[in-house]
Every structure is written in C-alpha cells, then in structure tokens.
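S.K.: Sequence:
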Amino acid sequence: MERPSWDEYFMSIAFEVAKRSTCPRLQVGAILVRDRRILTTGYNGAPAGTKHCTEVGCKMVGEHCIRTVHAEQNAIIQAALHGISTEGSAMYSTHEPCQLCCKIAINAGVKRIVYGKDYPDEFARQLLAEAGVALVKFEKKGEER
Numbered sequence: 001m002e003r004p005s006w007d008e009y010f011m012s013i014a015f016e017v018a019k020r021s022t023c024p025r026l027q028v029g030a031i032l033v034r035d036r037r038i039l040t041t042g043y044n045g046a047p048a049g050t051k052h053c054t055e056v057g058c059k060m061v062g063e064h065c066i067r068t069v070h071a072e073q074n075a076i077i078q079a080a081l082h083g084i085s086t087e088g089s090a091m092y093s094t095h096e097p098c099q100l101c102c103k104i105a106i107n108a109g110v111k112r113i114v115y116g117k118d119y120p121d122e123f124a125r126q127l128l129a130e131a132g133v134a135l136v137k138f139e140k141k142g143e144e145r
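Going letter by letter, the sequence shown gives residues 1 to 145 in the working numbering.
If you are wondering where the hints come from, they were derived from the structure by calculation, not from laboratory data.
Misleading hints may appear alongside valid ones.
[As the list claims (entries may be wrong)] Straight-line Cα separation of at most 30 Å, BS3-like style, residue types lysine-lysine; simulated pairs:
hint, residue 1, residue 2
1, 19, 103
2, 51, 19
3, 117, 137
[Unchecked claim] Simulated restraints, written as ranges between beta carbons of each label pair:
hint, residue 1, residue 2, range
4, 121, 22, 35 to 43 Å
5, 129, 56, 35 to 43 Å
6, 135, 35, 17 to 25 Å
7, 139, 61, 28 to 36 Å
8, 47, 13, 18 to 26 Å
9, 2, 120, 30 to 38 Å
Here a beta-carbon is modelled for each residue, glycine too, at the ideal position from N, C-alpha and C.
Please put together the full structure from these sequences, using the hints given.
M.R.: Encoded structure:
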C-alpha cells in the first residue's frame with residue numbers, strides 16, 4: 001500500500017470541498033493547513049444568508065460572477081470568524097488563485113500556495129513572488145487533472 005504525499009492528501013481534500021460549491025460555472029475548493037493540520041476549508045458561493053447562483057442565477061460582470069465569494073476568501077474568512085491564526089499556513093486550492101485572493105492570502109500570512117488547475121495571472125504571480133509566497137503547481141505522479 002502506497003500512502004499519498006501530504007500535498008496529494010490535502011489536494012484531494014480541496015477537490016472534495018469544491019463539491020459543496022454553489023457556482024454552476026466553476027467549482028473551487030480551498031483549505032488552509034499548518035503543521036500538517038487542516039485549519040479551515042472554503043468553497044466558492046454566495047455570501048451566507050443570500051441566494052445562491054443555483055437558485056437565482058449568476059450575476060455576471062464581464063466574464064466574472066460578482067455574486068460569488070471565492071473559495072480562498074471563504075477559507076480565510078472562516079479562520080477569522082473562529083479566531084484561528086493563518087500566519088505561516090499553506091493554502092491548497094483546486095485552482096490557481098486570482099489577484100484579489102493572492103493579496104488576501106499574502107496579508108493573512110499564507111506562505112505557500114499549492115494549486116491544481118491553472119488560472120494564470122502574471123500580476124498575481126508577481127505579487128506572490130515579491131511577498132515571498134511559494135506558488136506550487138500540483139502534479140500528482142502519473143495522473144493529469
């Protein structure tokens with residue numbers, strides 16, 4: 001029996017979390033981890049107490065739904081709500097974070113971001129590099145996502 005690596009383990013959980021998403025366009029999941037312990041999880045969907053895109057449709061501006069809170073944002077918000085420090089944590093996300101999520105992660109003290117699917121944004125990558133946050137594309141051995 002071969003055990004998954006820590007990155008494989010946490011990425012599989014992020015993909016499971018994404019299944020809770022209420023976005024019909026793209027399901028994203030994220031988790032925050034420190035010292036190999038899950039701190040919080042988040043998935044993309046409407047703010048708490050408001051109608052989901054699955055109920056009332058997406059609110060599109062350009063190519064983006066503005067009704068949705070991103071998975072990475074929700075994971076950090078959950079930490080704030082429950083008084084959990086994110087300083088020095090790692091984030092595992094099913095997709096490469098956008099600029100705003102990168103800025104929030106930097107300010108939340110995230111030190112490493114591992115992502116599954118590309119959502120390339122050169123400025124977001126520059127911000128992470130400048131802040132010293134490692135951005136790692138997850139590649140499971142022998143499998144493409």
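S.K.: Could you run down the list of hints and mark each one as holding or not?
M.R.: Consistency of the hints with the structure:
1. 19 x 103: Status holds; Cα separation ~25 Å.
2. 51 x 19: holds, 18 Å
3. 117 x 137: holds, 8 Å
4. 121 x 22: 35 to 43 Å: Violated - the Cβ-Cβ distance for residue 121 and residue 22, about 24 Å, lies outside 35 to 43 Å.
5. 129 x 56: 35 to 43 Å: Since the Cβ atoms of residue 129 and residue 56 sit about 39 Å apart, the hinted range of 35 to 43 Å holds.
6. 135 x 35: 17 to 25 Å: 21 Å Cβ-Cβ, so the 17 to 25 Å window holds.
7. 139 x 61: 28 to 36 Å: holds, 33 Å
8. 47 x 13: 18 to 26 Å: 23 Å Cβ-Cβ, so the 18 to 26 Å window holds.
9. 2 x 120: 30 to 38 Å: holds, 31 Å
Of the numbered hints stated above, the single one contradicted by the structure is hint 4.
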